[in-house]
Amino acid sequence: MGARVVTVTSGKGGVGKTTTTANISVALSRLNQRVVMLDADIGLRNLDVVTGLENRIVYDIVDVVEGRCNLRQALIKHKQFPSLYLIPAAQTRDKTAISPADMLDIVAKLKPEFDFVIIDSPAGIERGFRNAIAPADEVLIVTNPEVSAVRDADRIIGLLEAENKQPGKLVINRLKPDMVKKGEMLSADDITDILALDIIGIVPEDEFVIPASNSGVPVTLNEDSKAGLAFQNIARRLLGENVPLMDLEQQPGFFRRLVKLFNG
Amino acid sequence: MTNFFDRMFGKNNKPGTGATAKARLEFVLVHDRINLPPERMAAMKAEILEVIAKYVSYDHEMVDISLEQRDRSSALVADIPFQKAKDVLASDEDYDSDLKSWEESKIQQAEAEFDDATGKAQDITEPSFIDDDELNPEAEGDDED
Ligand SMILES: Nc1ncnc2c1ncn2[C@@H]1O[C@H](COP(=O)(O)OP(=O)(O)OP(=O)(O)O)[C@@H](O)[C@H]1O
Ligand SMILES: [Mg+2]
Chain A
1 MGARVVTVTS
11 GKGGVGKTTT
21 TANISVALSR
31 LNQRVVMLDA
41 DIGLRNLDVV
51 TGLENRIVYD
61 IVDVVEGRCN
71 LRQALIKHKQ
81 FPSLYLIPAA
91 QTRDKTAISP
101 ADMLDIVAKL
111 KPEFDFVIID
121 SPAGIERGFR
131 NAIAPADEVL
141 IVTNPEVSAV
151 RDADRIIGLL
161 EAENKQPGKL
171 VINRLKPDMV
181 KKGEMLSADD
191 ITDILALDII
201 GIVPEDEFVI
211 PASNSGVPVT
221 LNEDSKAGLA
231 FQNIARRLLG
241 ENVPLMDLEQ
251 QPGFFRRLVK
261 LFNG
Chain B
1 MTNFFDRMFG
11 KNNKPGTGAT
21 AKARLEFVLV
31 HDRINLPPER
41 MAAMKAEILE
51 VIAKYVSYDH
61 EMVDISLEQR
71 DRSSALVADI
81 PFQKAKDVLA
91 SDEDYDSDLK
101 SWEESKIQQA
111 EAEFDDATGK
121 AQDITEPSFI
131 DDDELNPEAE
141 GDDED
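The listed protein sequences correspond, in order, to chains A and B. Numbering of the first sequence is given in the working numbering, commencing with residue 1 and proceeding in unit increments. Numbering of the second sequence is given in the working numbering, commencing with residue 1 and proceeding in unit increments.
Only chain A is shown next, with the shape it has when bound in the complex (with noise of 0.2 Å):
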């Protein structure tokens, strides 16, 4: 009943949470799904500016807690999909100014009013963590192809399962191709093959996050970009539908390098 309430964590910082939260929801929200996203990251509030709706926040998810504000009152709308929201951080406090049982008990009110709940959750494995699984029906693990990555993952699923949550889905995240293929890097199997555990999607290293997150537009808008259509279909396959994954080596860069080869 009500929302399906969906956590994307990582253990290790700075491996693609917020731009996986951002982009998966815009992608539902597309897809017509009631999308509400919540920031999580409490003192270290990203989602908004990566959304494009920092200019928008009077009230922040303490100032629920907090009893300043009602929950609809914390609710930002976004004007470019109508059916997407955002709950913001709290900017100036600390992962301790919620708890657990608060989580619960906003989820609790957001769940009858949306399709999905999708928390972006602070790096790390304490309070701020705890904080974002609590009221996870499903967890997204965010890594990319490297070995510090790759370990905290690990332990991340080791601690869903301590706490019996379903086992989580794996985003990889920044995967280069060519790097793989010269044996320079992990491929997606290495890493399923090590944590065992599915794949939700594989997103590549693209040039195109970064001018997206300056400007606030998330890059799965983007239609040329690779890593766009890879969230796009993370949210399909959230639905259920079954996306093949994108054949990553068949990529405009091949001819690329067979031009730059010829042109010395």
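Possibly wrong hints are sitting among the right ones.
[Unchecked claim] Partial pick of chain A residues on the chain B-facing surface, computed with a CB cut under 8 Å:
id, residue
1, Arg151
2, Lys182
3, Gly183
4, Ala196
The set of hints was computed from the structure by calculation and includes no laboratory data. Bear in mind that the values here come from a model prediction, so they are computed numbers and not experimental data. Beta carbons are placed, not taken as given, at the ideal position from N, Cα and C, and that holds for glycine.
On the provided structure of chain A, position chain B with the ligands as indicated by the hints.
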């Protein structure tokens, strides 16, 4: 020309750092998952072998005690071949007395160790019992292959 094809098709004879990353991750996660760091693992192996040596003679060269991953859970798998049966069955008097003195020396050794250890398990991990191989992550990684 080789370079040309290497660049075009990513052909590479020696495994790249991707394979190294995988082997290192496997090693580190085995220990992370059961919360037993490599040094403690080596100590545990040494202790297990000591106990076994009290009862039977085994082939030191062939011992293989390692952690195996089955999906996300770990199991300790020990392969400790005993000394060939014909050694034990060769029952001439020389052999019997050899065996007797060997047993005595083992008992003495075990008693000495017990004294050294003053009964505390973690103190039994004298460096001399730890095979260098077993402390070497690469040797561990190679076993997997
Ligand atoms: N597929 C990608 N290609 C290129 N750059 C990317 C990609 N994914 C993320 N980035 C960049 O990586 C950086 C970190 O991303 P992001 O903020 O989403 O990570 P995070 O996991 O939310 O970080 P934190 O742990 O600090 O919250 C950002 O600068 C983002 O633009
Ligand atoms: Mg973030």
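These are the hints, each one checked on the structure:
| no. | hint | verdict |
| --- | --- | --- |
| 1 | Arg151 | holds (6 Å) |
| 2 | Lys182 | holds (5 Å) |
| 3 | Gly183 | holds (3 Å) |
| 4 | Ala196 | holds (5 Å) |
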